[in-house]
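All residue numbers for the sequence shown refer to my numbering, where the first residue is 18 and numbers rise by one.
Please keep in mind that the hints were generated in silico from the structure rather than gathered at the bench. Please note: incorrect hints may appear among the correct ones.
Stated by the list, open to error - Computed beta-carbon distance windows for the label pairs:
| # | residue 1 | residue 2 | range |
| --- | --- | --- | --- |
| 1 | Leu405 | His175 | 50 to 60 Å |
| 2 | Ser115 | Gln406 | 52 to 62 Å |
| 3 | Ala38 | Tyr90 | 29 to 39 Å |
| 4 | Ala87 | Leu405 | 54 to 64 Å |
| 5 | Glu407 | Glu109 | 51 to 61 Å |
| 6 | Ile105 | Lys42 | 17 to 27 Å |
| 7 | Asn52 | Glu161 | 37 to 47 Å |
From the three backbone atoms N, C-alpha and C, an ideal C-beta is built for every residue, glycine too.
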Amino acid sequence: MVAKLLRFLGIAALASLALAACPNKCSGHGTCGPNDICSCQQNWVNADCSGRQCPFTRAWQDTPMYSDDAHYYVECGGRGQCDRATGICNCEGDFTGSGCRRLRCPGDCNGHGTCLFIEELAVLSKDPRVGGKAGTTYTLWDREKIQGCQCDPGWEGHNCLSRVCPKGDDPLTVNDPAYPAITQVEMKQGIAIYGTGTVSIILKYTDPYGNIWSTSAISGTNADICANIQTELRKIPNLALFSTTLSGEGQVTVSTENIDIFTRSASEPAVGTYSIADADVLDATRHFNLLATCVVSFPAGPGTSGYQYPLTCDVAAHPLAGSQPLQTAAAVLTTTACTVHEHYAGSSLSPVTLPLTELATCSNRGVCDSSRGECQCFTGHKGLACDLQEALV
């Protein structure tokens, strides 16, 4: 009897072992291991390996572990719920992308701008209005998470939904007899072209509304380089730059709200006459063959205060005719360049007298209707930019 009972218990134990198994056989996405625990394959989760794993990205916020260390990788970046059936994050609010890894641009820039990461915006912070200030290298944890809009020309605002209104000089800020003008250092830009072989350049001008205009290819070795620059700038449409007079031997004048006189120096730098006030350019001209220098100054006219819009210059190796710019001596590209830097006359900065003029939205004499890009002028003022006065009756 005892023997039969022991035999029965043994059979029951074997049966229970036979029935024991991992849940759902690990759903076909894992291996059943000791203690009936599934070892899931990569990107599968849950006790039975039935759920898909969502992408892990840097946490938008987290409990700090060390100094400046609070953004470990977490599923959906901590800003979304994982759909286990699809392995796709359902992100909160304006968080978007795989694993909710980035913040959506406001209104997706409303079709009037480009959505860029903050690290890209930092690099593009090189401002052509202030002499080519170098961009910033942004390396913090959110460099590929925060996004912002870079608006197209004619549009502005954090979401690029506002039209830019016309700008002009405030007609009421006339020169006071006691203070007829301001004395300041005349802002100039030196264009240095140096290298060997046949070099062509293109110049780019940024207008006050963000438009970038490019000239055709200009020969950098022609004796009339500055005159050729003037000719090409005259071809820029919409009167972004417009010509006035020709004055003096080797000196031409191009007038705009922001840019004026071009002058030509000798084939070699004449330190007593014109110097490029930038250590990198000075060093380059000592090592490379200086082909030509032209100088652009920013004299009186609308926009002598605030931001200025100097030119930029490009040169590249495109040996085929018709390419822009043309540089036939491609083998010596490393010793060929065109730069635009701060310039001064003589051995020191020369103060000049300039009237104070603005380049203000609606000339400070109207309200900008950003939905239409039009100025609503105050009483007594008229014009696209409200920069004209009219008689009050």
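Tested hints:
no. : hint                           : result
1   : Leu405 with His175: 50 to 60 Å : violated, 32 Å
2   : Ser115 with Gln406: 52 to 62 Å : holds, 58 Å
3   : Ala38 with Tyr90: 29 to 39 Å   : holds, 34 Å
4   : Ala87 with Leu405: 54 to 64 Å  : holds, 57 Å
5   : Glu407 with Glu109: 51 to 61 Å : holds, 54 Å
6   : Ile105 with Lys42: 17 to 27 Å  : holds, 26 Å
7   : Asn52 with Glu161: 37 to 47 Å  : holds, 42 Å
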